[in-house]
Amino acid sequence: MIEVRKLQKVGAATLTVSLPKKWVLKKGLKPGDMVTLVENEDGSLRVDVGEVKKAETLVYTINYDLCNSNRTLTRLIIGAYLQGADIIKIISSNALTTDVINGIQAAVDRLPGLEIIEQTYRTVTIQSFIDPSKFPIEVLLKRLQILVASMLNQVVSSISEGTSLNISEIARQESKVDELYFLTIRQIFLALRRWYLSMALGIDSPIYAAGVRLVAKTLEDMGDTIESMAKGLSSIHKFPLKISPEVAKKLEELGTTVQSLFSKTMKALFNLDADLLNDILNNISYMLEQQDKLTDDVLLMVNGEKLTSSIKTIIWGFMCIVRNCEVIAEVAFNRLTRIPSNIISIEKA
3 MIEVRKLQKV GAATLTVSLP KKWVLKKGLK PGDMVTLVEN EDGSLRVDVG
53 EVKKAETLVY TINYDLCNSN RTLTRLIIGA YLQGADIIKI ISSNALTTDV
103 INGIQAAVDR LPGLEIIEQT YRTVTIQSFI DPSKFPIEVL LKRLQILVAS
153 MLNQVVSSIS EGTSLNISEI ARQESKVDEL YFLTIRQIFL ALRRWYLSMA
203 LGIDSPIYAA GVRLVAKTLE DMGDTIESMA KGLSSIHKFP LKISPEVAKK
253 LEELGTTVQS LFSKTMKALF NLDADLLNDI LNNISYMLEQ QDKLTDDVLL
303 MVNGEKLTSS IKTIIWGFMC IVRNCEVIAE VAFNRLTRIP SNIISIEKA
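Residues in the sequence shown are numbered from 3 upward in steps of one, following the working numbering.
Heads up, some of the hints might be wrong.
What the hints assert, rightly or not - When the alpha-carbon atoms are kept at most 30 Å apart in a straight line, the in silico DSSO-like pairs for lysine-lysine are as follows:
id, residue 1, residue 2
1, K308, K240
2, K32, K8
3, K314, K178
4, K252, K314
5, K29, K11
6, K314, K233
7, K240, K314
8, K240, K266
9, K266, K308
10, K269, K252
11, K11, K350
12, K314, K244
13, K233, K251
14, K295, K233
15, K233, K219
16, K233, K308
It is worth saying that the hints were derived from the structure and are not from the lab.
Small disclaimer: the values here were computed from a predicted structure and weren't measured.
Using the sequences provided together with the hints, build the complete structure.
This is the structure in structure tokens:
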């Protein structure tokens with residue numbers, strides 16, 4: 003239904019517009035009823051019936067009898083959480099085994115704000131205690147950035163100082179990255195499904211939500227990559243043949259460059275700095291062009307098959323992060339071109 007209506011002046015400064023009669027009848031509205039107006043990203047107004055209401059409790063029920071493995075159950079629990087489930091119930095016609103219960107608990111432990119609140123022989127009830135309005139998307143992305151930067155710093159410091167890594171600490175931080183990633187995706191989905199949450203969470207459009215999800219996934223991938231690098235670096239300390247000072251210097255230089263690149267990329271994402279983004283993408287192109295030469299130069303200074311394999315893993319990891327930065331920079335550039343500024347104007351012809 004599309005209707006064009008004229009504005010009417012009421013009083014000294016108030017403009018009004020009447021609602022379409024068919025729509026009013028369809029919604030059962032009468033004088034004195036409340037409607038809510040929401041401004042969309044493009045400046046248009048959305049009219050909803052009534053006041054902003056508290057969201058209804060969203061309950062997901064998973065039939066374990068139809069799950070062909072515990073892994074399937076775990077994925078369904080995670081999927082329900084990401085979709086914004088407030089309650090997740092697992093039911094079965096048979097008694098749930100200890101193995102199944104342990105798997106459910108392990109899944110719950112990975113998902114922020116979830117707790118098992120009730121358990122019987124055949125059912126488990128999980129509840130989310132998260133207040134979505136308390137976790138804006140940008141805050142979550144910045145927390146992910148801090149964790150990834152910390153993990154990367156530990157790897158570079160281990161290379162430059164020749165010291166062993168605390169693998170358990172790296173693994174702990176990587177688990178936190180996963181948890182924050184899951185929470186970020188849940189928040190994005192909730193913002194898209196509950197319009198009144200979108201502005202509070204900083205999601206101004208579905209297009210922005212798609213970009214944010216890609217950034218969150220990229221940061222989560224970085225955490226996985228750095229954990230793999232840390233394991234490769236840790237194994238080197240077990241070899242009789244150590245990294246030479248020349249190789250360590252090359253790896254340290256690469257690591258420091260990647261650290262700086264990551265920091266600048268995230269800064270450009272949050273500030274939407276066109277000049278900085280352009281410099282970042284130019285630097286990334288150059289680094290990717292030089293990747294093979296850099297790898298060959300470093301490996302020429304390395305002896306031993308196992309040591310060579312570990313060095314390759316470290317270089318590969320650094321270059322994966324470079325490519326991850328490219329993805330984030332492209333998302334930032336795409337958002338930059340959607341927002342009018344002193345460098346770009348947007349108008350409808």
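What hint numbers does the structure not satisfy?
8, 9
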